[in-house]
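Q: So the chains spell out like this:
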Amino acid sequence: MTDFLSHLDIAGFIIATLVASTPLVLAAMGGVMSERSGVVNIALEGIMLTSAFAGYAAAVATHNLWLGVLVSIIAGMLIAALHAVLSIQFLVDQIVSGTVINILAIGITGSFYRTYIQNSELAGTGVLPALHLNFLPNAPFIGVITLAALALIPIVHFLLFRTVFGLRTRACGEHPLAAETAGINVYFVRYSNVILSGALAGLGGAYFTLQQIGNFLPNMTGGRGFIALAAMIFGGWTPVGAFLASLLFAGADALSGRLQIGGVQIPYQIVGMLPYVLTIVVVAGAVGRAVAPAADGKPYKKS
Amino acid sequence: MKIDRALRQRLFAAVVLPLVSVVCGFIVAGVAVVVTGSDPIEAFTALFQGAFTNPRAFPETLVAMVPYVFLGLAVALGFRAGLFNIGAEGQFYLGAIFGVLAAASLHGLPGIVHVPLALASGMLGGFIWAAVPGLLKARFGAHEVITTIMLNYVAFQLTDFLINKGPMSDPHSSAPRTAFIDPAAQLPILLGGSRLHLGLIVAVLAVPIVWFLIQRTTIGFRIRTVGFSPGAARAAGISVGWTLVLAMGISGALAGIAGADEILGVSHYMPASFSVGYGFDSIAVALLARSNPWAILPSAFLFGAMRNGAAFMQLQTQVSSDLISIVQAIVIMFVAAPAMVRWILRLREVPVGGLQITQRETAGVSSET
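Quick mapping for you: the protein sequence lines, in order, are chains A and B. Mapping of the first sequence onto the working numbering: position 180 corresponds to residue 180, and the numbering continues sequentially without gaps. Mapping of the second sequence onto the working numbering: position 259 corresponds to residue 259, and the numbering continues sequentially without gaps.
Fair warning: there could be bad hints in the mix.
Derived Cβ-Cβ restraints for the label pairs, each shown as a range [said to hold, decoys possible]:
#1 B:F48 / A:L167: 36 to 46 Å
#2 A:P154 / B:R216: 34 to 44 Å
#3 A:I270 / B:F212: 38 to 48 Å
#4 B:A232 / A:A178: 23 to 33 Å
Simulated from the structure, these hints should not be mistaken for laboratory data. Note that this is a predicted model, so its numbers are computed, not measured. Glycine included, C-beta positions come from ideal geometry on N, C-alpha and C.
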């Protein structure tokens, strides 16, 4: 056991966890906003993948990483707007609409990847500036998107629970008819929240290409959007809860990286299952304790 | 000629909607081809040649159609119970693992025993892999969309563990793959000089069987009732929980037989990188068929043709075969949003509202038990 711990390097592990939680907490907060307004968003995975690609492409084209981040966010908002139009306007089953976007994301990013990136001589874009803690020489760098994610947690919390917009959002997620009766434009509130969730997930997508590796790989989000949904549920549909739950999943992720390096004799594939198995356990276990917004997933039709 | 309203609505749902969806899918994909700097006419011509007119293309399209029939039936059966089985990919993997276990480790059996045994083994693998999310939903209310997706990733890791220098890898090969299956377990070839195998017949036979199961048996009645209204099913004394577990299990078994069938009919061993995106494809197959078992056949044929043609298209025109995913996504979108097709065609008098699949009771990727 002591042998196991000595390999682990606690401080480095904590920072690796924090960094790995970045896309999860951003997408999970996006999920919180969308679902608090009553729209289920399983499109988070596809939004992140598309944004990761769009941001990378923009950074390659303009040689400006910050512009890349901006394009990631805008791409996320556009894809989320498609989800909003399908599920709010055309009353498509929200799970189906999300699946459409997830498949579309694979198709679009895959097509463009084969055409423009795979066989080209393009070098990577490099990565965004990162914070290096001098007193922890072996700890991973903390990139700006991680710092932005941390800053956004209190902002999203404030927006949802301390502003009129947040109150209206929650009203639409609990009882849209009552909200409409009180003079709230349910469609507008739901549209805004779904599009804002796209902005958050879009920033999460930028993490993969512009902070983590400075390159794009097909399917690089690897199910993080779905894990973020589990974090959202486990976190009880609150930004702070979603952050803590994201840390749990990211910890499993960071741990699997450590166990491989640490020389512990567990096949890497078994360790690689950890975050996914943990997600299943948590989704099964969190239920009953966490209560979803009452009108979550129910299309609302103005009569 | 005056067509009465009910007939018109049925025609719209069964013919116009799927046709318009597929056409729109190709239009959007064509735009994507233009954006990536290629010629869409050239790309789609290559797609068609690769699917139908090239030498040996047509039998290959039928070969590609076989797994889609099973997988489309799997997803459709889930839909009938109000379940969104998005994990057909993982169940396909488990079916292949179980299938290759039975097909490669047993020797000396006659083919007439060995083949059904290996297929049944594959069904068992898929059944187990899908029954777990069913159980988690029934017992804890965990939404199957999340649990089945997560089990896909677990299945990929498990396959890699077993086959990539693991317990199931072929000791005589440096490539990450299992040993070859027993020759008696191979599905016989139907057409000399092609890869078209008996699995096609099995797949076509599965259609009436699944139809009978859904429409004419007690289990099917329970599945449909739970899918229609879990509350009413509960009030009628149907055990909703067990019906969900069973529906997921049967759905998984159908995906599992697809995996085993690919091993026995096509590859004769299991490579580490096996299925490529069958899981999402099968959702499109089932939705295009509107979960009707008979309609799975033309739907699976279309997707088999696209998959087969896409490989040639990529080779010939450098347009990525991922283009097919765009077609699929658009198809699902339009099938699920008839209001949009109605709007495009300026039609009136056809049903509004979308196709409702997921149970409202547990929608929200949450859980209100």
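Q: State for each hint whether it applies.
A: Taking the hints in turn, this is what the structure says about them:
Between F48 of chain B and L167 of chain A the beta carbon distance is about 56 Å. The supplied range of 36 to 46 Å is therefore violated. Restraint check, P154 of chain A to R216 of chain B: a C-beta distance of roughly 59 Å breaks the suggested window 34 to 44 Å. Separation of I270 of chain A from F212 of chain B is about 41 Å and conforms to the stated range, judged on CB atoms against 38 to 48 Å. Remark: the range hint 23 to 33 Å for A232 of chain B to A178 of chain A is upheld by a beta-carbon distance near 27 Å.
Consistency with the previously given hints fails for numbers 1, 2, ordered from lowest to highest.
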